[in-house]
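Each chain is listed here by its residues.
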Amino acid sequence: MNFSSPIFLLGLLAMLVPLIIHLWRRRRAKVIRFGAIRFLLQSEKATRRRRRFWEYLLLLVRMMAIGAVSLALARPYRMESVPALSLGAGQNALVLILDDSLSMQRDKAGRSLFDRAKAGANSILNQLSDYDYAGLILPASGQEIPLTKNHEPLRAKIEKTAPGFEKARMLSWIGRAEQMISKSEAQARKIIVFTDLQKASFSEEPALENFPGEIYFYDLSGERLDSNYTLSPVELNRISGSGEESVKVSAKVHNFSGQTAEVRLNLSLGNQVLARGASQIKSWASADKSFLVSLRENFSAEGKVEIENRDALLLDNVSYFHLRGGGRVKALIVDGNWSKEPLNRDSYFLERALNPRLYALSRIDPEVVSESGLAQTDLKNFQVLILANCRILDQAEADRIRNFVSTGGGLLIALGNNVEAEHYNKLLRDLLPREIRELKISFAGDEAKSEIQPLRLDSSFIGDPGRHPILSAFATAQGADPSVANFYKYFLFYQELVPRSRVILQLTDGTPVAVEKSFGSGIVIMLASTINQDWNDLCIYPSFLPIFYQAALYLARSLFDIGAQGAQVGDQIELSLPGEKTSVLIRTSRGAELRLSPEKEGGKGKIRIARLTEPGIYYFWYLPGPEPRREGNADLILAVNSDPAESDFRKISGKDLKKLIPAQEIYLQTEDGRKGREEEGAKTSAVKKPYHHSFLLLLVILLGLEMMILTRSGLE
Amino acid sequence: MTWLRKKEEALEVISRVRELELKAREIAEGALIGLHHSRHRGSSIEFSEHKPYSPGDEIRLIDWKLFAKSDRFFIKQFEDETRIQSYLILDASGSMAYPEEGAKFSKFEYARFLTAGLAYLLLGQGDAVGLAIIRNGKLDWIPCRSGERHFMALAEFLTRAKPEGETRFGPVLFDLISRFKKKSLMVLISDFFDPEMEVEKSLKLARHRKNELAFFQVLTREEMEFPFSQLSWFEGLEGEGRILLEPAQLRRQYLKLIRAWQEKLKRIGQELLADYQLFRIDENPAQILSAYLLRRAQIARRARAR
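Chains as they are written, first to last, in this note's numbering: chain H, 1130 to 1845; chain G, 28 to 333.
One chain only, chain G, in its complex shape (with noise of 0.2 Å):
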């Protein structure tokens, strides 16, 4: 009865993929809601050609100084536009299983769902989009590629991975940012609860090679509240063995450490010019998305406009 059993697990990643799918766009349509579509229009990286005008292109993108000299018109084509690679790199060690029980959903799962709404809002744009997994010291990987039917493949992917291990970044991000052959922006969806902060060499390799970084940190309300407040034994997802604690006593030591943490990634991220983004699985990715996005064009026009 394998077949049967095959064909079962066959059909409830389907529908799982579907189920994705649809939380997925239901996050990219609900990041897009409050952005302004004009202020949409894919940023300029570098300009990379020309192509002759052909009726339904914008009219503001015609080169007009070229026009001047050979008298037809041509449009100007940027790097980003064409062709942005998006690498989604999501972490699935142990530590990102947590909650295992009593909430609706793990770390995972939520960066799951924010990693195929993403996936699915760059794909939308036209973007190539790859998808890193990283567990236990170890990449799973999809190349980067664009078109809708790509989000299948990927969702696909994400449906069948599961957090073990050790959060261990730094040589598998190393391994991977020497696959790329351009640019690209590479987003780190991760609880970064990586014990040797190995993971800021990498970025800064990354960064040094001119991909763009955005991090993306997942986290419980338990996890920044620290909400317990009976004796217990806490035990590590990553192997980290049990230690008896009296919680109370402990919590803002805990808080304190737990702040300083946020507080380095974020400079590492200003650093390497990196975005980084909270995200706490009690809220809805797509809110959060959004006002990410929104934060981002905002940063983008006033750069431009400089």
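Chain H with its partners taken away, still in its complex shape (with noise of 0.2 Å):
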């Protein structure tokens, strides 16, 4: 029972006056002396049984009196069904909008609500004559059928479609429908939308114009709402203490129902359940829980928070997450210009921006060397090799170095005084990203005559976080501007392009100052400048530490810190490619492989990927071309999850529904329960049926028993 104004069930309480006026007026009784009350008293024994009931019974009528005025007063409804969707007898002209979004694959009675919604819509493609026209949209999977006379394909697109992980734009696809609706010429216009109404679909959108026909909303959630338990996707913080490193799995639980209730969770990384914990949460509130993890070396796992109640829709209850553990990275600086005093090296701020030791905690654990000392060096113990201003003393020492990076290891080649542009093409030619041509010291205007005028760096190449990944701090930071350093002195390289290879950095000039190839399974990054502050001064800036930091830790592939990019189910995702590369291949956590070409839009290798349409890890990899997929890390690993608002089962209400859309008639049906006969189901609905009538009608057979009952038993 419903209530338009349930104010008035106060008045329930009147239902208690007679009940004190009966008591009151005992209370009252004067007291009569009378002589002939043994006549009274025999009169009361033989009657006794006969008044009490009549006493009673009218107490009852007069108190359910009282009580039927105050209900009819509160106005009682109910969703009463009644035959639906009344087509008119000229021509139609209907869209059906099925809500394919998540929180639609919830089940009710042993049915999922989608079923319940294709029944629905299949009933009303049935009753539809040829010359009617009907069209289809699904606003999660953003698909639609246009109006069409032929009604087949809708039927054939309706037994296909299945609910994804996607939110429905609800509002925007009714404005779709209006569209599409509006260029028909049929006299009856109706938009049928079957939806579980949930609120999250209809926020957060435009208003629509009014529209001049009829919108029937088919509620299929029924009454009850269900209970409901999701979670937002995990953070991953590094906690390093002074033993091993860990990291902190944070989970927030939500609660979508309408009591508090115990949400039992457990963490897996690969197929092991690793903990288990449990949180009390509150109704409609959420609570964080976190997990403990011990990072490993080199370690890569895919992960998942997951809720272990059963709950309406259990296809929330998992957040994914990859877990990287990056490890720490050593670097083996080659240092030309090796000396026993720190200060006097070529590396000695290198050194320090990937380790600074006291300062911060670092990843990074550089070892220097003197070139002589490379030698006796076992390449095997690092992932980047950093070659600061060397000499390259011989051909076996290019091998080595070209072996290292073949096999997967990262160099750094930084330029500077003792390199020798014809021998290190001689040797490193392959390796090189460009070959080396000139020294260039940088005057303004004529050279001979000039100063010395620095040239600083390209700041467009900075800001662009899809630039490239060593850059993409910059993205965020402020007051970190690199492109305040000065460059004087740097080597030109030729400018052909050389397959694999992109320019890092250049200068204003155009002048690339980092240019990056790809070797075998490596990478190699050679700087133009030096690395110290002998030709430059980026060293003295702070945007020096990052980009080398970032840098060493790009060339060992341990860029991202510890977790994946996390996305949302339906996000657009767009890649941008390295300059050489020329397809990506995305694998998904389920085996499922796709290899896309980027679409050549002025020249950048960009490829969007339309929508991410199911939770679940994503492993891109770059490639140069068709060729097969290297092992190793991916370049870009995403964990994407479904939206938690889609959980959240909690209806929009028939009045906001009704502000929302301007229609000339909006009509908010439910389906037929208590048929039970789901083929049928859709084709009742139910509207709000007003009954105070029958509580007045219920009062006036009070009052007539009222009257009735005083007249036969003489009561008052």
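Treat the hints with care, as some may be off.
Below are the BS3-like pairs computed for lysine-lysine, each with C-alpha atoms no more than 25 Å apart in a straight line [what the hints assert, rightly or not]:
#1 LYS1174(H) / LYS131(G)
#2 LYS92(G) / LYS210(G)
#3 LYS237(G) / LYS1159(H)
#4 LYS1174(H) / LYS291(G)
#5 LYS103(G) / LYS92(G)
#6 LYS1780(H) / LYS1381(H)
No lab work stands behind these hints, which were simulated from the structure alone.
Since each chain comes alone in its own frame, lean on the hints to assemble the complex.
Right, dumping it as structure tokens:
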């Protein structure tokens, strides 16, 4: 029983009035001294049972009469089933909107809401005649079939469709349906929406134009609000303690139900459940639950936090994440100007950028050796090799370096006064991203007479986060602008494009200063200038540290610190491929693979993936061609999860719905549960049917009954 | 000052006795209105003796048979005419005090007037009148005596009586009857709210001893019609306790019961060849008494005719 003015239900308290009056009259009764009391006593005894009966009946009738008045005033109504959707005799134009969002996957009485929607839509299609137009919209997956007289494709589409993990933006699609239907010349224009009326589907949308037709909403979710629990995407935080490193996996658990619940969680990595926990969460609230996972070195695993409770929708009970234990990166710095005094070394600044020791925790362990010391060092112990102003003594050394890179090592070459262009080109030719041409000292204007005029870095390279992962830190960091650094002296490179190479940084005049190339399984980055302050002053600016710290991690393929980047189902992903990469291989955690080639857009290699449709872990490898994927770390890992708002089944009220959607007629209808025949379920609909008249009738009957009792019993 | 109070009391009693006397005379005279004088000749219950004729005696009473034998005039004398004993038995139980307020007088006061009136009437006829007042199961009485002066004694006795206690006729009446030396006329003036109907047994005995009986039932309008409407506590006057009642609900049943009770009294009356007369205190006792006497005279004439 629902009430339009429930405040009048307070009147039910007035039901006590007859009782109070009764007690009050009893208290106020006068004493009459009477002679013939014995006859009274006898009469009383003889009539006691009958009188009691009438008395109680009268009391009951009076209380009920008052109750009936307050119930009638509260204007009760029920949602009553009426034959829905009166199709006109003339031509009809209908657009069916089937909400295929995640929340429609939940079950009601052993059948998913979406299946019910399908049945309802089919039954409506069956009612249409051949000259009626019908169109179909699937708002979550964004598919549509324009108005057509041929209903077969609609049936086929409805049959094939299964709801995904995305959310539906209902209002904009209703707007789209209105557009579709407004072009039709049919007399009766109707939009029929099968939905669970989830609030989230009707939020953040523009207001619609007034629609001159009818909109029917079939609410498939029923009266009862199902309990549901879900998780926000987990947050990963590295915790560096005194001993081993660990990661705090924090999950935000939402309780979308009317009562406090104990939500049990588990955390698994790979296929192994590592931890379990429970959290007491109040209704419509959320709570954080954290797990600590110790991080081993060079470790990479898919993980998920899962809710163990059974709830209305199981699909949203998982939050995926990817944990990559980058571990520690060992970097060997070969200093061409090695000296015992660190300040005099070329690598002085670099070494401190890679590991500031006391000042901050670093994942990189740099080790500095002289060039002669390189021969004695086993490169297998290192992931990154940095040549700072080295001479490259002989072919053997060059081969060792080449071998190191081709097996997956990272190489950073910083040039300087020890470098001889010809020598380098000869020994390291295939390793170098560009061939080295000549030394350039930057003069303003005429070389001979002018003073040295330093050039600066091209800042357009810096601000673009898609440019290069090394520079990603600058996309958000403020005050650390590497473009303030002055470059006085640098090597010029030959401009021929080398395959699998790209420019990371360039000067304002377009001269590249940092160039990258992949070689074998490894990566090479070459810096055109020195890594200390000899030829430029980059190293004295705050931006020096992030560039080279990131570069070292990048070379070690350990750039993304611990976890994958997060995304939501339904997000559009745009990937920028490195210059030399021509395709992307995507693999999902379920093993499905997809290879995409970038659209050519003004020469920039960009790949747009229309939508992430499923939650899970997505691996992206940027490939230089149709060649098979190399083994090893993916270039990008995305942990994709569904939107927690989609798990909140709270419904939009009919009132709000009417506010949001201006239309001539809006009908809000529910599936008829009583019949239990889903095929016909959608044919009936519920309308608000007031029935205070029945209470008024009851009141009249009760008053009549009271009169009767009064005359029959002689009561007052 | 006790003497003064006593004197005042005495004066009050005297004034009340005078008042009662007046009232009694009013009732008695009122009762005789409408009775044809010639019809009132006393009733010949039983022949008693002859007495020599003296001038002034009624000629129709001369025993002509005896005159034929003895050649002298004798007058027939009858028992009742010479010596009718009448006992007026007044119920002074608690219930007779009703109504205690809101009315001109209570049942008891009414019954007192009635008794006095009756006594006046009987004494006026030359009968001997005794008075018994039954109160709380005890008997106070004045033996039969005739003569107009006896009335004052009866009146004073009546004035002093006050109603209280239960209605319990039975044993007392029994006691009273056993003291009668002669056949008597017993007039019971009561509301007859006697729970056990003990009166019936005693009356049967009385009848057995050839006493003549009459029941004068005194009731109020309230008792007969039960006109109450408000939910009230009803409290008995004889210590029956109280009860909360919705009068309207009970009226029918009550009226049924009280009528049945009256019927029962009438039936007892018929069985014992006794008269039953109802007096409602809002009605003039003289009129009722008059009607009663008339009826009685008719019955007597019819009996004689047979």
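Results for each hint:
1. With a CA separation close to 32 Å, the supplied pair LYS1174(H) and LYS131(G) exceeds the 25 Å bound.
2. A distance of roughly 29 Å separates the Cα atoms of LYS92(G) and LYS210(G); the hinted pair therefore is violated under the 25 Å criterion.
3. Between LYS237(G) and LYS1159(H) the alpha-carbon distance is near 49 Å, which puts this suggested pair outside the 25 Å criterion.
4. Under the criterion of a C-alpha separation no larger than 25 Å, the hint pairing LYS1174(H) with LYS291(G) is consistent with the structure, at around 21 Å.
5. Only pairs whose Cα atoms come within 25 Å are accepted, and LYS103(G) paired with LYS92(G) is accepted, the gap being roughly 11 Å.
6. Note on LYS1780(H) and LYS1381(H): the hinted pairing holds, with a Cα-Cα distance of about 23 Å set against a maximum of 25 Å.
Comparing the model with each numbered hint stated earlier shows that hints 1, 2 and 3 do not hold.
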